[in-house]
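S.K.: So the chains spell out like this:
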Amino acid sequence: MDTHLNPNRLQANVEQVPIRNGYGAGLVKAGEKNRNVVALCADLTESTRTEDFAVRWPERFVEVGVAEQDLATVASGMAATGKIPFVTSYATFSPGRNWEQIRTTIAYNDVPVKVIGSHTGVSVGPDGATHQALEDIAIMRALPNMVVIAPCDYLEAERATLAALKHPGPVYIRLAREATPVVTTKATPFKLGQSQEFRSGTDLTIVACGSLVYEALMAADVLSKKHVEARVLNMATVKPLDGKALLHAARETGAIVSVEEHQITGGLGGAVAEFLAAHAPVPQEFIGVQDQFGESGAPEELLEKFHLKSQDIVTAAQRVLDRKQKQPAIPRVCVVPKSTRRTPPKRAARTRTRKKAVQ
Amino acid sequence: MTTEGLHKKANEIRQDIIKMLVAAGSGHSAGSLGMADVFTALYFAILHHKPKDPDWPGRDRLVLSNGHICPVLYATLAHAGYFPRSELKTLRKLGSRLQGHPHRTALPGLETTSGPLGSGLAQAVGMALAGRIDEERWQVYCLMSDGEQDAGNTWEAVMLAGKYRLSKLTAIMDRNNIQIDGMTEDVLPLEPLADKYRAFNWHVIEIDGHNIQMVINATNQARATQDRPTLIIAHTTPGKGVSFMEDDYRWHGNPPGTVETERTPEKRQQARVALRELRTLQGKITSEAE
Chain A
1 MDTHLNPNRL QANVEQVPIR NGYGAGLVKA GEKNRNVVAL CADLTESTRT
51 EDFAVRWPER FVEVGVAEQD LATVASGMAA TGKIPFVTSY ATFSPGRNWE
101 QIRTTIAYND VPVKVIGSHT GVSVGPDGAT HQALEDIAIM RALPNMVVIA
151 PCDYLEAERA TLAALKHPGP VYIRLAREAT PVVTTKATPF KLGQSQEFRS
201 GTDLTIVACG SLVYEALMAA DVLSKKHVEA RVLNMATVKP LDGKALLHAA
251 RETGAIVSVE EHQITGGLGG AVAEFLAAHA PVPQEFIGVQ DQFGESGAPE
301 ELLEKFHLKS QDIVTAAQRV LDRKQKQPAI PRVCVVPKST RRTPPKRAAR
351 TRTRKKAVQ
Chain B
1 MTTEGLHKKA NEIRQDIIKM LVAAGSGHSA GSLGMADVFT ALYFAILHHK
51 PKDPDWPGRD RLVLSNGHIC PVLYATLAHA GYFPRSELKT LRKLGSRLQG
101 HPHRTALPGL ETTSGPLGSG LAQAVGMALA GRIDEERWQV YCLMSDGEQD
151 AGNTWEAVML AGKYRLSKLT AIMDRNNIQI DGMTEDVLPL EPLADKYRAF
201 NWHVIEIDGH NIQMVINATN QARATQDRPT LIIAHTTPGK GVSFMEDDYR
251 WHGNPPGTVE TERTPEKRQQ ARVALRELRT LQGKITSEAE
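Quick mapping for you: the protein sequence lines, in order, are chains A and B.
For the first sequence, our numbering begins at 1 and goes up steadily by one.
For the second sequence, our numbering begins at 1 and goes up steadily by one.
So here's chain A without its partners, still in its complex pose:
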């Protein structure tokens, strides 16, 4: 395995840190790197980890109050004037409540606002369904110009934050509340639009993002003991999707299990299925929330109740392997279409590209 991974990732005593902490650290680094970075928050400064930035640069921090529509639109105005705003709230409120403002004034307007949605997934826990965002990937990846990232641990969240700073357009990053096992290391590379093979294998591929990448690795370990070698792809960038890695996965393993703490509708699994259905159809099973709202409970209890644990991934892997055996193998030769770029399309230095006049 080329990628640097935490050697303790499968141990019971694996270090656990909330993914949102990585955003807080990354935001301070972004603020150091670029004086145009500003942060805005809607009355959740501490819990979205914007606090360190706000204390260090109070003149570059804007507290808008419980006003998520304002959060997006004020940021749009600042971005149109040369700033690089990072806006945070819980994902059910931003990009949930303010989606139209994000659509019109950030995505269509094509300004470099970085929308950070914290508290995603049922693992938010006791706060219940109102605060457990399960639809944010779907609504954000449907927006043209928008990049969507779901980091797998706090270290990757920090790297994603810095990658978002470098990207000249709008970005959405989804974070999680609870302590999540750390699977990467400080040396793990990160490139926008590029997935990483966290485990090699040829029997099937588990494509995962966010907090459940850990569960995917645990499942692959269990499968290995049953002589099934699962490849694990960390698809941190859900959009643009790493089509090249998916084509290789489909061609070389012939079966896919997608894993995410999000509704099955419109999430990572949907993105993978859309791509592979067009370019290399293979059997796919979906781990995610099945068209339901969450509820209150302990994070671990909820992950079990909604079938998002490693044992559920193992079961799904067995199902997809059965389906794979029943259908003929797809041809070994597969042309990589031009549209499946690993990196976001290059943009002109000037974001204000203009159409030619119509005469």
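For the record, the hints were derived by calculation from the structure and aren't laboratory data.
Take these hints with a grain of salt, some might be off.
Keeping only pairs whose Cα atoms sit at most 25 angstroms apart, straight-line, the calculated SDA-like set for lysine to any residue is [said to hold, decoys possible]:
no. : chain 1 : residue 1 : chain 2 : residue 2
1   : B       : Lys-163   : A       : Gly-82
2   : B       : Lys-163   : A       : Val-66
3   : B       : Lys-163   : A       : Arg-97
4   : B       : Lys-163   : A       : Phe-61
5   : B       : Lys-93    : A       : Leu-143
6   : A       : Lys-166   : B       : Asp-134
7   : A       : Lys-29    : B       : Ile-133
Looking from chain B toward chain A, a few residues come up when the C-beta cut is under 8 angstroms (computed) [to be verified]:
no. : residue
8   : Arg-104
9   : Thr-105
10  : Glu-111
11  : Thr-112
12  : Thr-113
13  : Gly-115
14  : Pro-116
15  : Ser-119
16  : Leu-129
17  : Ala-130
18  : Gly-131
19  : Gly-152
20  : Asn-153
21  : Ala-157
22  : Leu-160
Even glycine gets a Cβ: it sits at the ideal position worked out from N, Cα and C.
Got chain A; can you put chain B on it based on the hints?
M.R.: Same frame as chain A, now just chain B:
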């Protein structure tokens, strides 16, 4: 330009609005005509801007929040020299830079994309905040409708501007009393608007929006106000300058030639009548206050 010259310019802009709406076959007449005097005052007497260098960093920012009155914005930008007037006839056509609602990256001189109501003031607040961080001298002007005072996003921005005392922000409200479903006070009562803004730490000036000198004086007063943002409530007549459109909310979202009225039952004649009226008026559209 003299005040008389400005009024003549506003009349030329009104004629172009009629022509472009007729060519487009759809679009918003009433608000566009009603704001022609305010736009003329801004682009020909108030704004610091360089039409040949639309991205000049020192320019005053103008955010049009109620994007549906873009015919008046496009016509004024063309008259100011941002792009050729001949392009006005492409409004709402496939491939045109003149989108049905303005799109920032499509056309020089636009600060933002707008159309969905209630979001412009907040963007202007963001621009004023960014300008303050960098200690810039330019002003931010936000043009908005009275109808979009219904929107929560507007009041979120009103509160934030008051909190940060954004003195370089001036909002100009087109108080024409109509919106799509009828009179604003019937749809969702807004008054007392001036008191509401004052309660949120704004300086408020009320003017006749067809009196160009009053528009200029009010913006001068706004610039001189150093401790808070300013709202200029510009009382206007929707459809101003075209008799059969004035004060009739049915012209909110329709171009000449589409609505039957008592005075012009021949729909085909409406554009010609409108242009004839405007040509006769020339610079004589003035307010009751003069």
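S.K.: Each hint: holds or not?
M.R.: Here's how the hints hold up against the structure:
1. Between the alpha carbons of B/Lys-163 and A/Gly-82 the distance comes to roughly 22 angstroms, so the proposed pair stays at or under 25 angstroms and holds.
2. The straight-line distance between the Cα atoms of B/Lys-163 and A/Val-66 is roughly 14 angstroms, inside the 25 angstroms bound, and the hint therefore holds.
3. Among the hinted pairs, B/Lys-163 with A/Arg-97 is consistent with the structure: their alpha-carbon atoms are about 23 angstroms apart, no more than 25 angstroms.
4. Between B/Lys-163 and A/Phe-61 the alpha-carbon distance is near 14 angstroms, which keeps this suggested pair within the 25 angstroms criterion.
5. Proximity of B/Lys-93 to A/Leu-143 is assessed by CA-CA distance (about 24 angstroms); at most 25 angstroms being required, the pair is judged to hold.
6. Taking the CA atoms of A/Lys-166 and B/Asp-134, the gap is about 21 angstroms. The hint holds against a cut of 25 angstroms.
7. With a C-alpha separation of about 20 angstroms, the suggested pairing of A/Lys-29 with B/Ile-133 holds against the 25 angstroms cut-off.
8. With 8 angstroms as the threshold, the beta carbon of B/Arg-104 comes within range of chain A, its nearest partner Cβ sitting at about 5 angstroms, so the hint holds.
9. Evaluation of the B/Thr-105 hint against chain A yields a held restraint, the C-beta minimum of about 6 angstroms falling below 8 angstroms.
10. Hint status for B/Glu-111: holds, given a least beta-carbon distance of 6 angstroms to chain A, under 8 angstroms.
11. Checking B/Thr-112 against chain A by beta carbon gives a least distance of about 6 angstroms; that is within 8 angstroms, so the hint holds.
12. Interface hint status for B/Thr-113: upheld, as the beta-carbon distance to the closest one in chain A is roughly 5 angstroms, under 8 angstroms.
13. Interface hint status for B/Gly-115: upheld, as the beta-carbon distance to the closest one in chain A is roughly 7 angstroms, under 8 angstroms.
14. Because the smallest distance between the Cβ of B/Pro-116 and any Cβ of chain A comes to about 5 angstroms, under 8 angstroms, the interface hint for this residue holds.
15. Given hint, B/Ser-119 at the interface with chain A, holds; its Cβ is 5 angstroms from that chain's nearest Cβ, closer than 8 angstroms.
16. For B/Leu-129, the interface hint holds, since its Cβ comes within 8 angstroms of a Cβ in chain A; the closest pair sits about 6 angstroms apart.
17. Evaluation of the B/Ala-130 hint against chain A yields a held restraint, the C-beta minimum of about 4 angstroms falling below 8 angstroms.
18. The interface hint given for B/Gly-131 is met, as the beta carbon of that residue sits about 6 angstroms from the closest beta carbon of chain A, less than 8 angstroms.
19. Interface restraint check for B/Gly-152: the shortest CB-CB distance to chain A comes to about 7 angstroms, inside 8 angstroms, so the restraint holds.
20. Contact between B/Asn-153 and chain A, as hinted, is supported at the beta carbon level, the nearest pair being about 4 angstroms apart and thus within 8 angstroms.
21. Interface restraint check: B/Ala-157 against chain A, minimum CB-CB distance 6 angstroms, threshold 8 angstroms, status holds.
22. Proximity of B/Leu-160 to chain A holds as hinted, the smallest CB-CB distance being about 6 angstroms (cut-off 8 angstroms).
Taken one by one, the earlier hints all hold for this structure without exception.
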